[in-house]
Structure formats: C-alpha cells, structure tokens
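Q: Working from the sequences, and respecting the hints, build out all of it.
Each position in the sequence shown, counted from 1, maps to that position plus 2 in the working numbering.
Quick caveat, the hints were computed from the structure, so don't treat them as lab data. Incorrect hints may have been included.
Said to hold, decoys possible - 20 Å max Cα-Cα, derived PhoX-like pairs, lysine-lysine:
#1 LYS66 with LYS23
#2 LYS129 with LYS25
#3 LYS25 with LYS66
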Amino acid sequence: MRLQSSVNSGQLAYGLRAYMKVKQLVITINQRDSQALQRDFGISTAVADEIYEAIDDYFDRGTKVSICPEMEAFESRGKQRPFVDIYETDDGVLGLECILFADGEPSEAILHLEVSETDPQLSLYYKYIGS
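A: So, in structure tokens, the structure goes:
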C-alpha cells in the first residue's frame, strides 16, 4: 500500500542508486542465471523459477527483457507514470515499480521490489511481477 505517490529529492537520490542494482537484476533474470540470482540477490531457486514463469507469461521466448535507460527512469512528463516509480510503504521501506521493457519497448509487465540500505550497501527484495 502506498503512503505517497510523489517522489521527494531524498527518494530520487536513493532511487538513482537503486537503478543500477535493478538493472543488473533484470539482466540476470533475462539471462536466466539462477546461480547469480542466488549469489547476488539472495533469490532462491524456487523464487527464480516463479520469476521465469512470470516472464514466460508476459513475453515470447527469446524476447530481450530489460528496464528503461537511466535518463528516462524517473521522468513522468508526457506519460501516465514514470518507468520506475518510487513510493514509501506502510513500513517506511521504499518500494519500486519498474516497467519491464520487451526488446527495447515498454510492456505491461511491472517488476515490484522493495529496497533497503544496510551500511552503505543497497539490498533489493523481489516481491512479484504483475501488471
């Protein structure tokens, strides 16, 4: 559940830091590298299989899945929502909703994540892929 829909400057700075980590996550998902998902993101094999199943539900086999270019990530001008939306959850954690791209074009699939910071490291927590 969202507490706020507008992004403040602190959230944007945090979001920009998280962008590169999300980009790497999506690259790893696209490569279907379950070992790297476990090692780099703490995603179990069972959850990786769930992710691949969701990807297969949204995209044809062979589609390159990615996220938008960094310069367009948080920009909402001229569209209904930004490609990467940041919001604060009831728990005070920042959530990210990232529109997934199919062969370089926005799709209806949205990657839902939560982000937290422990010491200077950012951690991503996969929630689900929906629309």
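Q: None of the hints should be skipped; say for each whether it holds.
A: Outcome of the hint check:
Among the hinted pairs, LYS66 with LYS23 is consistent with the structure: their alpha-carbon atoms are about 18 Å apart, no more than 20 Å. For a cut-off of 20 Å, the pair hint linking LYS129 to LYS25 stands: about 16 Å separates their Cα positions. Restraint check for LYS25 and LYS66: satisfied, since their Cα atoms lie roughly 13 Å apart, inside the 20 Å limit.
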